[in-house]
Amino acid sequence: MRKWFAGRCASLRGDLVAWVDGGLSARQARRVQAHLDHCPGCAAVAESLRSHTTLLQSRLRAHLAAEPTDVDRLWHQFERRRRATAPRATPRPSTLWLWRPALAFAVASALLWLGSTAFDEPAAVLISVGVKAPPPKLTQHPDLFKDYAIIQDLDVLEHFDTAGADAPDSAMTPAADQG
Amino acid sequence: MQRPALLGALVAFLLAAPAFASPLRLAQGWREYSPRERYNALQNYRHYQALPNERRENVERNYQKWQAMPEQERERMRQNFQRYQQLPPEQRSRLRQRYQAPPKH
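One line per chain: the protein sequences are L and S, in this order. First residue of the first sequence: 1250, per this note's numbering; consecutive thereafter. First residue of the second sequence: 93, per this note's numbering; consecutive thereafter.
Extracted from the complex, chain L is given alone in its bound form (with noise of 0.2 Å):
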């Protein structure tokens, strides 16, 4: 938990500057504040930063105040030096990647539980598509087991005879059963 709140704390610390100059989402802002509602630590960096912002304000719009200055110059003077200095930032390592094979899991698991229902049940599904294998008998006779309703009533489809009866009452009745 503590290791959490670290790493949280570490994520957060980035985005200080940036919500004590107001630059943040209001999301962002609202995710940072809940943060430093509880976390001590991290609520001390903020005041001390936002102290410092402020007596950098004021020392500078006293500067400014005394003596006229082309702003804009300057501020590209810093700009040019900032880029020129400073390290390049490492992009954060995305964690997208963790929700592919979360997702492609709660799919199969989704599509494994749809299966079984609709087969009343996993050994049988497992079975069916091949993944576990079938009682022996049935790979030694499988047309057995196919066709096993007709073949459970042979006896009595044998007595048939369907030729040119078209209704099934009378062409099912054999003629023994009439009498």
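Keep in mind the hints are simulated off the structure, nothing from the lab. C-beta atoms are modelled at their ideal positions from N, C-alpha and C, and glycine is treated no differently. A hint or two may mislead.
Said to hold, decoys possible - Derived coverage of chain S by chain L (criterion: at least 3 residues anywhere in the stretch with Cβ under 8 Å from a Cβ of chain L; other residues may be distant):
hint	segment
1	128-136
2	143-157
3	173-181
4	185-192
Claimed, not checked - Pairs of lysine to any residue, SDA-like flavour, derived with a Cα cap of 20 Å:
hint	chain 1	residue 1	chain 2	residue 2
5	L	Lys-1386	S	Leu-143
6	L	Lys-1395	S	Arg-190
7	S	Lys-157	L	Asp-1404
8	L	Lys-1386	S	Pro-144
9	L	Lys-1395	S	Glu-129
10	L	Lys-1381	L	Ala-1398
11	L	Lys-1386	S	Arg-190
12	L	Lys-1395	S	Glu-167
13	L	Lys-1395	S	Arg-123
14	S	Lys-157	S	Arg-190
15	L	Lys-1395	S	Ala-142
16	L	Lys-1386	S	Leu-179
17	L	Lys-1395	L	Pro-1385
18	S	Lys-157	L	Glu-1407
Knowing the structure of chain L, use the given hints to seat chain S on it.
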């Protein structure tokens, strides 16, 4: 040195192949079924497993007859079955009692 050994293995395989051909073909039949057909076959297998011995023997006898039937005769049985399915249950039951072979003791 390796060539005669390979030739020997090839000849042995060709001689032994017919012995394996039949089970392979049967297993292939199961693999050729769709998942739905496999599922239905599995349910039928479970039904068969739950039958009493004499009913199971009857199914085995019918299966032997079914295997011996020419395709035309099987087709006639399939058509008969379609119509048989349309009969009311009590009529089917009556027909079963009349025509199903009595168990052999």
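Here's how the hints hold up against the structure:
With a cut-off of 8 Å between beta carbons, the segment 128-136 of chain S has 9 residues touching chain L; three or more are needed, and the interface restraint holds. Here the segment 143-157 of chain S counts 5 residues with a CB under 8 Å from a CB of chain L, which clears the bar of 3, and the coverage holds. With a threshold of 8 Å between beta carbons, the proposed coverage of the segment 173-181 of chain S by chain L holds, since 5 of its residues qualify and at least three are required. Note: the segment 185-192 of chain S has 6 residues with beta-carbon separation from chain L under 8 Å; the three-residue rule is met and the coverage holds.
A threshold of 20 Å between alpha carbons decides the hint, and for L:Lys-1386 with S:Leu-143 the separation of about 15 Å falls inside it, so the pair holds. At roughly 25 Å between alpha-carbon atoms, L:Lys-1395 and S:Arg-190 are farther apart than 20 Å, so this suggested pair is violated. Of the pairs offered as hints, the one joining S:Lys-157 and L:Asp-1404 holds, with about 10 Å between alpha carbons and a cut-off of 20 Å not exceeded. Annotation: proposed proximity of L:Lys-1386 to S:Pro-144 holds, straight-line Cα distance about 17 Å (limit 20 Å).
Between L:Lys-1395 and S:Glu-129 the alpha-carbon distance is near 7 Å, which keeps this suggested pair within the 20 Å criterion. With a CA separation close to 25 Å, the supplied pair L:Lys-1381 and L:Ala-1398 exceeds the 20 Å bound. Proposed proximity of L:Lys-1386 and S:Arg-190 is contradicted: the alpha carbons are some 30 Å apart, above 20 Å. This hinted pair checks out: L:Lys-1395 and S:Glu-167 have alpha carbons roughly 15 Å apart, not beyond 20 Å.
For the hint linking L:Lys-1395 to S:Arg-123, the alpha-carbon distance of about 13 Å falls within 20 Å, and the restraint holds. For the hint pairing S:Lys-157 with S:Arg-190, the CA-to-CA distance comes to about 19 Å; that is within 20 Å, so the pair holds. Distance check on the hinted pair: L:Lys-1395 and S:Ala-142 sit about 17 Å apart at the alpha-carbon level, within 20 Å; holds. Under the criterion of a C-alpha separation no larger than 20 Å, the hint pairing L:Lys-1386 with S:Leu-179 is inconsistent with the structure, at around 31 Å.
Taken as a hint, the L:Lys-1395 and L:Pro-1385 pair is honoured in the structure, with Cα atoms around 15 Å apart against an allowance of 20 Å. Under the criterion of a C-alpha separation no larger than 20 Å, the hint pairing S:Lys-157 with L:Glu-1407 is consistent with the structure, at around 10 Å.
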